[in-house]
Every structure is written in structure tokens, then in C-alpha cells.
Amino acid sequence: MADAIEIVNDSELGLTSGLHTLDEREIAIWRDKIEVGNAYINRGTTGAIVQRQPFGGWKKSVFGAGSKAGGPNYVLSLGRWTAKANPPTMPTAEWSSAVDELLQNALALVGVELSEADGELLRHTAGRYAHAWRTHFSLEHDPSGILGETNVFRYRPLKKGMLLRLEKQGNTVKALQAAIAAQTCGTAVQLSVSSSAQAITQLDKVGGMQVFVEGEEGFVGRLKSATADRLRVFSEMPRAVPVAAIEAHIPLVEEPVVSNGRLELRYYLHEQALSETTHRYGNVVTKK
Numbered sequence: 001m002a003d004a005i006e007i008v009n010d011s012e013l014g015l016t017s018g019l020h021t022l023d024e025r026e027i028a029i030w031r032d033k034i035e036v037g038n039a040y041i042n043r044g045t046t047g048a049i050v051q052r053q054p055f056g057g058w059k060k061s062v063f064g065a066g067s068k069a070g071g072p073n074y075v076l077s078l079g080r081w082t083a084k085a086n087p088p089t090m091p092t093a094e095w096s097s098a099v100d101e102l103l104q105n106a107l108a109l110v111g112v113e114l115s116e117a118d119g120e121l122l123r124h125t126a127g128r129y130a131h132a133w134r135t136h137f138s139l140e141h142d143p144s145g146i147l148g149e150t151n152v153f154r155y156r157p158l159k160k161g162m163l164l165r166l167e168k169q170g171n172t173v174k175a176l177q178a179a180i181a182a183q184t185c186g187t188a189v190q191l192s193v194s195s196s197a198q199a200i201t202q203l204d205k206v207g208g209m210q211v212f213v214e215g216e217e218g219f220v221g222r223l224k225s226a227t228a229d230r231l232r233v234f235s236e237m238p239r240a241v242p243v244a245a246i247e248a249h250i251p252l253v254e255e256p257v258v259s260n261g262r263l264e265l266r267y268y269l270h271e272q273a274l275s276e277t278t279h280r281y282g283n284v285v286t287k288k
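Going letter by letter, the sequence shown gives residues 1 to 288 in the numbering used here.
Think of the hints as simulated: they come from the structure by calculation, not from any bench.
Hints may contain errors.
Across the chosen pairs, the derived CB separations fall in these ranges [as the list claims (entries may be wrong)]:
| hint | residue 1 | residue 2 | range |
| --- | --- | --- | --- |
| 1 | Ser144 | Ser11 | 35 to 43 Å |
| 2 | Glu116 | Glu254 | 24 to 32 Å |
| 3 | Val243 | Gly148 | 22 to 30 Å |
| 4 | Gln51 | Ser138 | 18 to 26 Å |
Ideal Cβ positions, reconstructed from N, Cα and C, are used throughout, including at glycine.
My request is simple: use the sequences and hints to build the entire structure.
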């Protein structure tokens, strides 16, 4: 089982994969480890249906933010979302220890590089993201509820992580919001900063985030080495940056950062549809 999973995951592609077994232990391991967009257990691996098995792959089987056709995020990807006002923070929202470490250290920049309003926005953002994680992104969804099979839609952390590029000092809060989003999702964060004068460089290794100070040439070189699954930027980039991202097959996310977790967190996760036949023989409906 381990060898088979390793062979599948070692591929540069990640569209579909299938498993046939009656061993529940093998199913549990395969569900946890397989790296494809559409996974099938004890059934065929073609004929995906809207909502039941939203369709779309990982790695070089997809380009863009990865919203699956026929899934809950596809229509969201067709628009450009911006925040007009901040909705109230969810009172029961609790963020992880990694997010808390990052947030507390970021708040130490208030009065240095950030304003009191910036600090309040970061606290608000952490709460909203934690709420979205707890109520949607951390859960497995089976909206079809078909008898005799399960069709689970779920989210998985980016394996290589999210790369953030901060070009302008005025976008520090946006970069910190994005870092909090990634940490909320359990996705590793790399932050590339264009100037060593940025106070944000003090956050290196805080909450597991790596901070690199580098010019355009160094950043383009980082992109070419394909050390991340996606790139998040907060201002217009020099032409060399999107060109390098395309060549390295790293999707570029240029949408405005928002504190609404249901909209923001989807960029930091893979979508996966996992379908399993749960009966062995014929019609599972008992006739009276």
C-alpha cells in the first residue's frame, strides 16, 4: 500500500486515482495520503457528476486557484471580491497556537509599522478565519447523501505551502492577513520581502513562517525552483514575476485580501472529492 501511494504521489500530475480493497485499514491510509483532486474507492474512476464529485486535479493537472468545476467554490472564482466593511468577529472563534504566536508578534509592530486600527483588523481577521475553518473548511461535506455511497468534498493543506511576496511597505497588513490565513489552514508560509528595512522581517520563524529578504532577481529565482504550490501577491508585480510563475506552474493569486474567511481561506487549500461505494452486492434498498 505504501509503495503504491508513493508511486501515485510522485507523479507530476494529480487528476484522479482509484483503490479497490475490502480492508478498512487500507482505505483509511489511502484516504489520508493520496494526492489527487478526485479519488475513488471501490468504484470506477470516470464519469464525475456535478456536486457529487466536483471535478479538478492537483499539481500539473490544474492551473489557477484550483476551484473544482461543479463544486461550492467555482462560482466564487468567477468574481472579484472586496471588503466594504468588516463584519463582527465571531465571539466563539478560537485560533490555533501557530496563529496566536504569529498574531501576538505581529501586534508587537503596532506603533512601529502598524497602527492601532491595523492591529484591530488583524485580531478581527484571525477570528473570522478561525470561524470559517471550524464551520466549513475543516469539515467533510457530502451534500448529495446518496444511499449506498459517500461523495465527500473536503479541503487539504497545500503540500509545498503558500509563497507570499511583499513589494511595498504599505501592504504589510495584507501580507500578515494572508500569513494568518495560511496558518489557520495548516499550510506552510514563505514570505519574500523586497526590502530589509521592513519591520516585518522580525517575524522570521514566528508561527513557522519563513521570511526572506530579496530583490526581484532573487525572488524570480525562488519561483523557478518551484518551492511553493501557489503565489499570493498584494500589488502589481514586475513582468518577470508572472512569467516565472507560469514557467514553474505556480498559480498566481492577485485577488484583494479580505477578512471574510469563507472567501479568503480557499486560496490556501487543495479541494478534493473522495467517492466510495459502501455496499458490495446489488441494490441496497430492502423491499417490503
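Which numbered conditions among the earlier hints are violated in the structure presented, ordered from lowest to highest? 1 and 3
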